[in-house]
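Student: Please arrange chain B on chain A, whose structure you already have, making use of the hints.
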Amino acid sequence: MNWRILVATVFLVAGGVIEVLAVLGLCAMRDLYDRMHFVGLASYGALLIAVAIVFRESFSLIGDKALLVGVVLVLTGPVLVHTTMRSMLIREHGDWRAAVEKARKDESS
Amino acid sequence: MPERTRPALVARRAFAWSVGWVCAAALYLLLIDITDLPELIVGAGAAVLAATGLELAREQGIVGESVRLRWLFRLHRPLLRIPRDIVVVSAMALLALVRRRPAFGSFRAVRFSGEEEEPYETGRCALAEAAGSLAPNTFVVGIDGERRLILAHQLRPTGGRETIDPLELG
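Residue numbers (our numbering), protein chains in the order written: chain A, 1 to 109; chain B, 1001 to 1170.
Isolated chain A, as found in the complex:
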């Protein structure tokens, strides 16, 4: 077996496992804010799969696009979570800063 295929397989399996765990976490968690963390996890799974494609196909059209998609997912995932969390806090409290005081008290106690 070619070493590149071997490395690609390792990345592919790791990425696939992370994606499965992200879906499991998303389904098993009860809290909305806890669930949001699995969006971040899923984007790193996608990045590992993209790296596997680059090892398999090298820096070709397919490899470049896969890597680009992976990087875009990793960079936009936190933005999506950040804005969604803020929106949820605003919906719950009217202002996201309301959670700051509560978190501060929890932190000091």
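Worth flagging that the hints you see were computed from the coordinates, not collected in a lab.
Don't take every hint at face value.
[To be verified] Label pairs and their calculated CB-CB ranges: (1) Ile-1032(B) x Glu-101(A): 50 to 60 Å; (2) Ser-60(A) x Phe-1073(B): 28 to 38 Å; (3) Glu-1118(B) x Asn-2(A): 53 to 63 Å; (4) Asp-95(A) x Ile-1041(B): 48 to 58 Å; (5) Val-13(A) x Val-1067(B): 31 to 41 Å; (6) Val-1019(B) x Met-88(A): 32 to 42 Å.
Idealized CB from N, CA, C, for every residue including glycine.
Tutor: Just chain B now, with coordinates in the frame of chain A:
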């Protein structure tokens, strides 16, 4: 900010537009991967639109953040945290399967002091939010400028201030 002379302003705009055009054209070529003349002409046209839009936004101050180079010296910290956080969040997914709890994570607010002049202050806050949210265990929700606190949600509350503000910008 010192007043710029008109030729200097035009040169700066031309340079920013050119950088935008080159980046947009390179991205177009990367996505299309065809170097036929019609595709190159379409790509050049699309890059003109993208660079003009970017320059218009930059002129209006919509993308008016600036970042100091020294802030990036600790950029390795959030990057090194990513593998560890992937393991932590994966473990929490498995834990949630066996232990049913209403919530595992919690919000944390830690000190975020210091102040820079604009546009560096916007850049400092944006960079702190981006760096803090890079690893999946922590997501920064926002920076409360009045209370000088940074609010983040951690799935597994762990570590001190450095886990929420890894670049130590506050």
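Student: Note whether the CB distance of Val-13(A) and Val-1067(B) lies within 31 to 41 Å or breaks it.
Tutor: 37 Å, holds
Student: How does the Cβ-Cβ distance of Asp-95(A) and Ile-1041(B) compare with 48 to 58 Å: does it lie in that range?
Tutor: This hint holds: roughly 50 Å between Cβ atoms.
Student: Within 53 to 63 Å: is that where the Cβ-Cβ distance between Glu-1118(B) and Asn-2(A) falls?
Tutor: Because 54 Å falls inside the window, the suggested range holds.
Student: Per the hint of 28 to 38 Å, is the separation of the Cβ atoms of Ser-60(A) and Phe-1073(B) within bounds?
Tutor: At 35 Å between Cβs, range holds.
Student: Kindly confirm whether 50 to 60 Å is satisfied by the beta carbon distance between Ile-1032(B) and Glu-101(A).
Tutor: 51 Å, holds
Student: For the hint 32 to 42 Å, verify it against the beta carbon of Val-1019(B) and that of Met-88(A).
Tutor: Because 37 Å falls inside the window, the suggested range holds.
The earlier numbered hints are all upheld by this structure, with none contradicted.
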